[in-house]
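A.B. asks: Below are the chains, spelled out letter by letter.
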Amino acid sequence: MENLLWIFVSAVLVNNFVLTYFLGLCPFLGVSNSLETSARLGLATTFVMLVTAICAWVLNTYVLIHAPYLRLICFIVVIASTVQFIEMLIKKLSPALFRAMGIFLPLITTNCAILGLAIFATNRGYGFWEGIIYALGAGIGFTLALVLLAGLREEAELSSIPKLIQGTAMNLIIAGILSMAFMGFAGLFSST
Amino acid sequence: MKKNESYEEFIKGVWRDNPVFAQVLGMCPMLAVTNSAINAVAMGMATFFVLVGSSFLVSSFRNWIPKQVRISCFIIIIATFVTIADYTLLALVPKVHKELGAFIPLIVANCLILGRQEAFASRYPTRLAVMDAIGMAVGFLVALLSLGAVREILGDGALFGVKLFSENFEPWVIMILPPGGFLTLGVILLFFNWFKFKKDEFLEEVAEAERSGR
Chain A
1334 MENLLWIFVS AVLVNNFVLT YFLGLCPFLG VSNSLETSAR LGLATTFVML
1384 VTAICAWVLN TYVLIHAPYL RLICFIVVIA STVQFIEMLI KKLSPALFRA
1434 MGIFLPLITT NCAILGLAIF ATNRGYGFWE GIIYALGAGI GFTLALVLLA
1484 GLREEAELSS IPKLIQGTAM NLIIAGILSM AFMGFAGLFS ST
Chain B
383 MKKNESYEEF IKGVWRDNPV FAQVLGMCPM LAVTNSAINA VAMGMATFFV
433 LVGSSFLVSS FRNWIPKQVR ISCFIIIIAT FVTIADYTLL ALVPKVHKEL
483 GAFIPLIVAN CLILGRQEAF ASRYPTRLAV MDAIGMAVGF LVALLSLGAV
533 REILGDGALF GVKLFSENFE PWVIMILPPG GFLTLGVILL FFNWFKFKKD
583 EFLEEVAEAE RSGR
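From first to last, the protein sequence lines are chains A and B. Going by this note's numbering, the first residue of the first sequence is number 1334, and it counts up by one from there. Going by this note's numbering, the first residue of the second sequence is number 383, and it counts up by one from there.
Pulled out of the complex, with its shape left as it was, chain A reads as follows:
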């Protein structure tokens, strides 16, 4: 139990996917211009991560033991098709949820955070529940970083910023400062 909690907190704060591992930067910089969109993107990403964790576990346990060199191709193909399938399922079963996640679902599949999650979980030899908890933590951490940046960017819209620094340059510097703040969490587990 303690181990699972540790995995969760570490994925959310200490080893935040965006701010420490630099995964999923494209949506992080591209979509984070409004709070609502980024919260929805975060929700959808967390969901896809959970699906990915399950897929990765199944693949690792039953298929890839026999052919480790197919890992990358298998992960990509299986994850992408599963996500597409689930997207159709959600569209049929719950249109409200589908609207909330919207067009993000298919786009997320090519997000490097998803593949990164599968690879990290494999490299660390996580079991089924550990994988799920890790995916949940990573998803929440991604959402947290996205929402924080979106909030800061919305504030920045209202202030007068020199034309020279506007755009990606400013977002990167904001992200750098956020990342520095998250480094403070690194000491959280020094005793263990």
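I should point out that these hints are in silico values taken from the structure, not numbers from a laboratory. Heads up, a few of these hints could be off.
[Claimed, not checked] Taking lysine-lysine and the PhoX-like style, the derived pairs with C-alpha atoms no more than 25 Å apart in a straight line are:
| id | chain 1 | residue 1 | chain 2 | residue 2 |
| --- | --- | --- | --- | --- |
| 1 | B | K480 | A | K1496 |
| 2 | B | K545 | B | K477 |
| 3 | B | K545 | B | K480 |
| 4 | B | K394 | B | K581 |
| 5 | B | K581 | A | K1496 |
| 6 | B | K394 | B | K545 |
| 7 | B | K394 | B | K580 |
| 8 | A | K1496 | B | K580 |
[Claimed, not checked] Which chain B residues stay away from chain A? Per the calculated CB distances, all over 10 Å, these:
| id | residue |
| --- | --- |
| 9 | M427 |
| 10 | T465 |
| 11 | I556 |
| 12 | K581 |
| 13 | L585 |
| 14 | A591 |
| 15 | E592 |
We treat Cβ as the ideally placed atom computed from N, Cα and C, and that holds for glycine.
With chain A fixed as given, assemble chain B onto it according to the hints.
C.D. replies: Structure of chain B alone, referenced to chain A:
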């Protein structure tokens, strides 16, 4: 004329449409592995191999790949080349492979590579597609190297592992930690903004002068 065309595609990727500085693509590996110059070079070479190889294959097969499933085909081709690169690096330079870790397989998800297949390689003949891929890959390598060099010099006082400064130099440890990546790239992009700003201003002045001359 033909030679010029290829050259044009090449130089476009290196400078005018530089994948990182002008298009802001491929950010994830860009920031994650540039804490030292040698890692940056290894990453750049791996990306070079994957990009050129998959551009070549995609543009050779562009008339056979059905439109509806093209993205999946591209991804499978790219994933194959990444697997080759992954195992080659593991065999040749195990130490660098260990440091890059999960970021070699993650080349698959580099939007730069898929972007080039979709936007260029699937529409143009092989020769141009390969030139375009080489240009983009060199541009990417230049960007990785400039970021990696700055971070290693400031964060470690060294370049390619060779110490540059005397003992009195206090390394800026923050530069090799994650925040340093964001800050360095932010500042470099700032330079590019400034450069573009000046150029626009200059062009405007020229246009103004021409108009008043008439």
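A.B. asks: For each hint, tell me whether it holds in the structure or not.
C.D. replies: To see whether the hints hold, each was checked on the structure:
About 42 Å separates the Cα atoms of K480 (chain B) and K1496 (chain A), which puts this hinted pair outside 25 Å; it is violated. Between K545 (chain B) and K477 (chain B) the alpha-carbon distance is near 20 Å, which keeps this suggested pair within the 25 Å criterion. Among the hinted pairs, K545 (chain B) with K480 (chain B) is consistent with the structure: their alpha-carbon atoms are about 23 Å apart, no more than 25 Å. In summary, the hint linking K394 (chain B) to K581 (chain B) is supported, as the alpha carbons are separated by about 18 Å, within the 25 Å threshold.
A C-alpha spacing of about 15 Å is found between K581 (chain B) and K1496 (chain A), which places the hinted pair at or below 25 Å, so the restraint holds. For the hint pairing K394 (chain B) with K545 (chain B), the CA-to-CA distance comes to about 35 Å; that exceeds 25 Å, so the pair is violated. Between the alpha carbons of K394 (chain B) and K580 (chain B) the distance comes to roughly 20 Å, so the proposed pair stays at or under 25 Å and holds. Restraint check for K1496 (chain A) and K580 (chain B): the C-alpha separation of about 12 Å stays at or below 25 Å, so the hint holds.
Listed as a non-interface residue, M427 (chain B) keeps its Cβ farther than 10 Å from every Cβ of chain A; the least gap is roughly 18 Å. The non-interface label for T465 (chain B) is inconsistent with chain A: the shortest C-beta to C-beta separation is roughly 5 Å, within 10 Å. In this structure I556 (chain B) is not separated from chain A by more than 10 Å, as the shortest Cβ-Cβ distance comes to only about 7 Å. With a cut of 10 Å on Cβ distances, K581 (chain B) stays outside the contact zone with chain A, its closest approach being about 13 Å.
Every CB of chain A is more than 10 Å from the CB of L585 (chain B) (nearest about 16 Å), matching its label as outside the interface. With a least CB separation of 23 Å from chain A, A591 (chain B) remains clear of the 10 Å interface cut-off, as annotated. For E592 (chain B), the shortest C-beta to C-beta distance to chain A comes to about 25 Å, beyond the 10 Å cut-off, and the non-interface label holds.
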